[in-house]
Amino acid sequence: MRIALVILLSAVVGALLAGPWIDWPLREGYVGVVLMIGAALVLRRHWQRRADTRGDEPGEPEREVWHGLASTSLIGAQIATTLFLAGPGIALHSPQAHQLGQTTWMLIAGAIVSWFILHRREVQRDERDRAIVTQASRVSGHVLVVLVVVLAVTLGFTPPQRLAPMSHVFLAHLLLLTLVISSLVNHALQLWGYRRDAQPGVDVA
Amino acid sequence: MSAPIGNHLRRLRFDHSEMTQDALARAAGVTRQTVIALEAGRYAPSLELAFRLARVFGKRVDEVFFWREDDAGA
Numbered sequence: 001m002r003i004a005l006v007i008l009l010s011a012v013v014g015a016l017l018a019g020p021w022i023d024w025p026l027r028e029g030y031v032g033v034v035l036m037i038g039a040a041l042v043l044r045r046h047w048q049r050r051a052d053t054r055g056d057e058p059g060e061p062e063r064e065v066w067h068g069l070a071s072t073s074l075i076g077a078q079i080a081t082t083l084f085l086a087g088p089g090i091a092l093h094s095p096q097a098h099q100l101g102q103t104t105w106m107l108i109a110g111a112i113v114s115w116f117i118l119h120r121r122e123v124q125r126d127e128r129d130r131a132i133v134t135q136a137s138r139v140s141g142h143v144l145v146v147l148v149v150v151l152a153v154t155l156g157f158t159p160p161q162r163l164a165p166m167s168h169v170f171l172a173h174l175l176l177l178t179l180v181i182s183s184l185v186n187h188a189l190q191l192w193g194y195r196r197d198a199q200p201g202v203d204v205a
Numbered sequence: 206m207s208a209p210i211g212n213h214l215r216r217l218r219f220d221h222s223e224m225t226q227d228a229l230a231r232a233a234g235v236t237r238q239t240v241i242a243l244e245a246g247r248y249a250p251s252l253e254l255a256f257r258l259a260r261v262f263g264k265r266v267d268e269v270f271f272w273r274e275d276d277a278g279a
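Here the protein sequences come in this chain order: L and G.
Note that the working numbering gives residue 191 to position 191 of the first sequence, counting from 1, and the numbers run on in steps of one.
Note that the working numbering gives residue 217 to position 12 of the second sequence, counting from 1, and the numbers run on in steps of one.
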């Protein structure tokens with residue numbers, strides 16, 4: 001539930017940054033960076049409070065996955081919304097494409113800065129972390145293969161007259177979105193693995 | 206669903222001067238979250254980790270871990 005909520009909230013923010021619905025006081029990319037840094041600071045304080053009071057804060061690897069999930073969802077939604085609004089004919093040197101590029105790169109910079117905010121120096125991964133990553137990577141790899149095959153077959157069987165309006169910028173970003181979806185699946189499955197392990201267990205002793 | 210391997214880690218920690226989960230994690234070279242998952246019966250350790258945990262308490266592996274008959278299917 002929490003995983004879906006983070007994906008949804010981040011995607012909504014990404015869509016709002018890409019759409020014309022809000023007149024932001026700054027460029028969309030800067031707004032995204034401010035939001036990401038703000039969220040990272042709030043989250044860092046929240047996890048520290050959980051560590052001090054309940055002792056059930058997520059470990060460093062899990063924190064990185066939460067960060068990856070939110071960042072990927074936000075950036076993916078921003079790209080998808082821009083493509084949807086601009087249409088398949090989006091040209092390389094058009095205002096929409098320039099805004100897409102600038103905003104995306106600013107959001108990537110915001111993701112890097114917020115990662116440093118959440119990152120702690122002592123990073124410890126153990127066999128459980130590696131097992132969770134392996135399991136998630138296997139499934140997300142399959143998802144990526146299916147998405148690429150579906151896209152390739154669809155493009156291959158689409159009549160040329162229907163493909164003609166699609167610019168190479170549009171098609172390139174469609175391919176990027178398959179990576180984004182695969183990455184989202186990867187992050188979500190890792191977090192599901194951590195959540196499963198953290199559930200109250202049976203009496204073992 | 207719980208792991209088919211149970212353990213006495215929580216009791217052993219308390220028997221060893223109420224060792225904290227963090228101290229056990231450091232001694233065994235894992236994260237505290239993994240110790241929590243082990244104690245909750247949610248994670249079955251590798252053979253290597255099982256030996257490392259047993260060594261922390263000076264016990265044999267079979268004195269720390271046990272096979273849950275309910276899950277054995279036998």
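Mixed in with the good hints, there may be bad ones.
[Stated by the list, open to error] Taking beta-carbon pairs under 8 angstroms as the criterion, some of the chain G residues facing chain L (in silico):
#1 His221
#2 Val235
#3 Gln238
#4 Ala242
#5 Arg247
#6 Leu254
#7 Phe256
[To be verified] If you anchor each label on the Cβ, the simulated ranges turn out as follows:
#8 G:Glu268 / L:Ile117: 41 to 51 angstroms
#9 L:Leu41 / G:Phe271: 39 to 49 angstroms
#10 L:Val12 / G:Ala228: 25 to 35 angstroms
#11 G:Leu252 / L:Ser94: 52 to 62 angstroms
#12 G:Gly234 / L:Leu41: 40 to 50 angstroms
#13 G:Ser251 / L:Ala164: 17 to 27 angstroms
No lab work stands behind these hints, which were simulated from the structure alone.
This one's a predicted model, so the numbers in the text were calculated from it and none came from an experiment.
Backbone N, C-alpha and C fix where the C-beta goes; we use that ideal spot for every residue, glycine too.
Violations among the numbered hints, reported as their numbers in ascending order: Hints 1, 7, 10, 12, 13 are the ones this structure does not satisfy, whereas the remaining hints hold.
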